[in-house]
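Residue numbers (the working numbering), protein chains in the order written: chain E, 7 to 97; chain P, 599 to 879.
If you are wondering where the hints come from, they were derived from the structure by calculation, not from laboratory data. We treat Cβ as the ideally placed atom computed from N, Cα and C, and that holds for glycine. Do not rely on the hints blindly, as some may be mistaken.
Computed beta-carbon distance windows for the label pairs [unchecked claim]:
id : chain 1 : residue 1 : chain 2 : residue 2 : range
1  : E       : K77       : P       : A625      : 51 to 59 Å
2  : P       : I672      : E       : W49       : 29 to 37 Å
3  : E       : D78       : P       : R640      : 34 to 42 Å
4  : P       : A671      : E       : E59       : 36 to 44 Å
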Amino acid sequence: MLKTLKEGYSYGFDIMDVTGLPSGTIYPALRRMENDGLIEGAWEDESKAFKEERPPRRYYKVTHAGRVALKDAEKRYPLVAQFARPRAVKA
Amino acid sequence: MTPHECFRRVHRRLHMAAYLVPRVNRAAWREEWIAELSYAARQSPMLAVALADGLVRDAIMVRRLHVARRIAAIDWEAPEACLRVLTFCFAVLSLASAAYPQVRNLVLSRWGVGAFFCFTVLAVLALPSTVVTSRFSACKAYSGDAATMAQRWSRWRFLAAKLVLSVLSCYLLAVHVTWLFQRLLGAQADWLLIACGLLFNVIAVSWAFTDQRQRCPTCMRSLSGAARLGPPSWSLLDSNATEEMCDRGHGLLHQPQWQTSWFEYARWLQLDSTWSELFKR
Ligand SMILES: [Zn+2]
Chain E
7 MLKTLKEGYS YGFDIMDVTG LPSGTIYPAL RRMENDGLIE GAWEDESKAF KEERPPRRYY
67 KVTHAGRVAL KDAEKRYPLV AQFARPRAVK A
Chain P
599 MTPHECFRRV HRRLHMAAYL VPRVNRAAWR EEWIAELSYA ARQSPMLAVA LADGLVRDAI
659 MVRRLHVARR IAAIDWEAPE ACLRVLTFCF AVLSLASAAY PQVRNLVLSR WGVGAFFCFT
719 VLAVLALPST VVTSRFSACK AYSGDAATMA QRWSRWRFLA AKLVLSVLSC YLLAVHVTWL
779 FQRLLGAQAD WLLIACGLLF NVIAVSWAFT DQRQRCPTCM RSLSGAARLG PPSWSLLDSN
839 ATEEMCDRGH GLLHQPQWQT SWFEYARWLQ LDSTWSELFK R
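If we strip away everything but chain E, and leave its shape as in the complex, we get (with noise of 0.2 Å):
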């Protein structure tokens, strides 16, 4: 999880989607680690989801203390680095 907002996708539905785990692990597994300091979340712009016509959603991005355990763990398990690819970006 930590990879994948790392690369990018940094609301809980998107994880959802890249990772494949129900809303069930997400949800709570991002309040954990907002918890434990290694993401930090705050609100999207108003004007942006007021384009799009919905609520302004909550995004999650990595902290300092989150890309030293990510970097760990990649270390650990050589396979993490592999998980998520960049998301790419809309022009």
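Position chain P with the ligand against the provided structure of chain E, taking the given hints into account.
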């Protein structure tokens, strides 16, 4: 499933799961989920239903983290924490007594009043036992401390509250034990109550005094960081003691491991304000 049914199902689940979330986090939690669900519903209503499957587990996790944070924030060394735990025990035992009509009637009957009187007498009789169980006098250690009159008064109040709460809890516990064996013992159960009273009171009263002695006389916080002084094999040649300190820097309690003619009682060394810099948080 029609989109309308999907929407109703998601709404019901969100409403139910929100009750599991602590009140302080509820509004933000609900807002986040509404945003995620409406984003999913725009793609397909069934996707929103699948997403809503995680609502309860997420709500439970938020509650668990909240409880864990609250437990971590408890200052276990503080006297308030000790009184809160005792009050909690007493409340649980009172509720348990109220829940069983037989126990409730037993406590409120004439027998209950007589048993309580007997119990209080046993608690007073248990006081001398603390001389044996508490090591080398509780009061002497603090006779020379620099506590103010108000601090001394609050120390006694704290001790009294501990004694009252623990003796009352012991009484209710003893009634529960007696009630459990009443069918088996019949009229002999009264003796069981007296035996329980004696045992529980000795434990409770000596705990109250031992705990009191393990606290700083200025702020009533539990002393910590026990350090052993002197090698035990030199017990006849040198002092052999344990030293504990107040984590707010009010002083040190020096307790001898064995009572000797040159080191008979525990000693409290009060530290003045010049030490406060060392203990700053
Ligand atoms: Zn203190």
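Outcome of the hint check:
no., hint, verdict
1, E:K77 x P:A625: 51 to 59 Å, "36 Å, violated"
2, P:I672 x E:W49: 29 to 37 Å, "31 Å, holds"
3, E:D78 x P:R640: 34 to 42 Å, "38 Å, holds"
4, P:A671 x E:E59: 36 to 44 Å, "41 Å, holds"
Going through the hint list in order, the structure does not satisfy hint 1, though it satisfies all others.
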